[in-house]
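Protein chains in written order, with this note's numbering: chain A, 1 to 294; chain B, 295 to 665.
Be aware that one or more of the hints could be misleading.
[What the hints assert, rightly or not] In silico contact screen, one side only, chain B against chain A (beta carbon under 10 Å); selected entries: (1) 302; (2) 382; (3) 383.
Hint data in this document are derived by calculation from the structure and do not stem from the laboratory.
The beta-carbon is built from N, C-alpha and C at its ideal position, and this holds for glycine as well.
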Amino acid sequence: MNKRKKLGKNVFANLSTNVILILSFSFLLFPVYWIFTMAIKTNPDILTYPPKFFFQPTIKGFQYILGLTKVTGATGVSAGVESYFLIGIKNSIVVVVSTILISLAAGLPAAYALARSKLKSKENIAFTILSFRFAPPLLVIVPLYLLFSKIGLYNSYFSLIWVYQLISLPMILWIVRGYMEDIPIEIEQAGMVDGHSRIWIFFRIVLPLAKGGIAAGTLLAFIYCWNNFLFGMILASVNVQPVTVQAMRYLTPDAIMFREVAAICIGAALPLLILSTFLQGYLISGLSMGAIRR
Amino acid sequence: MPKILLKNVTKKFKKVVALNNLSIEINDGEFFIILGPSGAGKTTFLNVIAGLEKPENGEIYFDGDLINNITTAKRDIALTAENYALYPHFTVFNNIATPLRSSANKNRYNTKQIREKVDRITKMLNINDLLGRMPSELSGGQKQRVALGRALVKEPKVLLLDEPLAHVDAKIRNQLRTEFHFLKEKFQTTTIYTSHDYKEAISLGDRIMFLNKGEIQQIGIPEIIYNFPKNTTVALNVGWPEINLFDCSVNFKNSQLYCPKGDFIYNISGNVLKYLKIYGKSEYIVGARPQHISFSDKPSDIYNLKAICGTSEVYDNQTVFYVKIKNLDLTILVNDPDLSLMLEQELWLGFDDQSLIFFDKETNENVKLKK
């Protein structure tokens, strides 16, 4: 009797948990769904009221942003349309990948130093680096624009990569540092006792054991850099701007091309989706379990 | 020539003094045990010798060479940490082979030599079938063997073992302790071994150093540490069950000893009285090992102190009784598991006064060792 009551309660608890989860996920994912349907609607379908849930899908939007359609002008001459999407993706990849590589090259040794050094002011240094993320980007963007224009850095990959360090370096450094602090110092000392150098210990012990943190930090930094809009818009022009800014090309003086903007949104999100799926496995860091008595 | 020489070594962590002005010689090939309660500075002592911690003061010599400024990697030592500190991402084989692959090694080994050396050590330690496993797949005892293998494969001049038996279960502990005897004979390496278990120390050590709060309390061979503890701290930490300590005053005129807490008078024999007289004070702390107190159920000349029996604990072939003389609690160890006494039963105790240990009441130092 009692047991059955308990069982019933469990089923109810399970059911309600699932209902709440489904509701919240639908709420969160609805915009994504809506953007996706916009990308495969025709413009009239997008603009009708009440909104249409059933419609004839079209892939013209994607064709357009990939530069696969030809547009016939008033004079009858047809011309290929430049794919701002592909330019943007290329720029995003160049800028973000370089940014992350530089951040890793500088951030990993820095994280190790800040995790292990006995320097008194190390907390201050770490905090200073974190504080780069406190200030709103709008605060620095105008001075940066003026500065970069003066020294000829406006509209270059280099300037974006440099400024993106503000986003990625603190993130990688702080996440990885936490993981490195968790590595038992005795394991590193064992490396020294075994006759190895600090460099060997860093590459062969610390980095492999902080793998989970490096993956997490890299992924987060990648997402934040990839999604950045402001720096690209202000500090670069069309041939350097990342994909997030290129979406604006479809907001023309004649018309707002909702379908193409939606398509570019979907296209820009895809690399992140793939990367997250790929790195997910690395995020689980049960590696250091078991080597140390706990 | 002493293998390891420490001169006035002091190590502080901020304001906490971990090692206070230690000076000590450790001989070539000696199995040297550092005994002490937790927080005594044992691990710090090993780390200072290993070069993992830099002492604020003092000098460390290996074979007469000052090594204060030589890095850990170049010191030709091996250390097993209390928590084993295996490389979690390496297999057992690679864990043990790591010291052989070091660039600081005198002679570079090729893959075949490394395999041979690892094989030899792992066969000796009975972990030859575990070479392909990861540390997370090992039991505590196996991890300790791997850590030992990693230390021994290097054939170091000095072997530092930090509480190697503290965290393995009782059966493995006895097994490993026996193996340490074997390793000790086989390698004859200068070994410094820390422990908080006096039995381990007495069974293994050539010499024992008792460390407490960063200060050397006593250094000596095991028999000396057990029979002539330098002070009450050493006495309390060496021996099981814990030694009975109680305050006493000695009346030299009628060669009697009065214990205020138990409110009893005890006659002491002439030779004991003699060295107490030479020492010259009349207030002492008396130490009586539980083994050295005997009792009878009837009063007699020898058994003349009336006590009340409290609880008892039976071990495999021994029984520990907790008895009371007025307000004085005493522990007695009897080598008879079948002996049972009633709660509140009356007993008549007698001390073997030759084995009583007298400590100065003010300094807590052993009277016999005070010159």
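* Asked: Close enough to count: is the Cβ of residue 302 of chain B nearer than 10 Å to one in chain A?
  -> Given a least distance of 23 Å, the restraint on residue 302 of chain B is violated.
* Asked: At a threshold of 10 Å, is the proposed contact between residue 382 of chain B and chain A supported by beta-carbon distances?
  -> Residue 382 of chain B check passes; min Cβ-Cβ to chain A is 3 Å, inside 10 Å.
* Interface hint outcome for residue 383 of chain B [beta carbon to chain A under 10 Å] -> 5 Å, holds
In this structure, only the earlier hint numbered 1 is contradicted, and the remaining ones agree with it.
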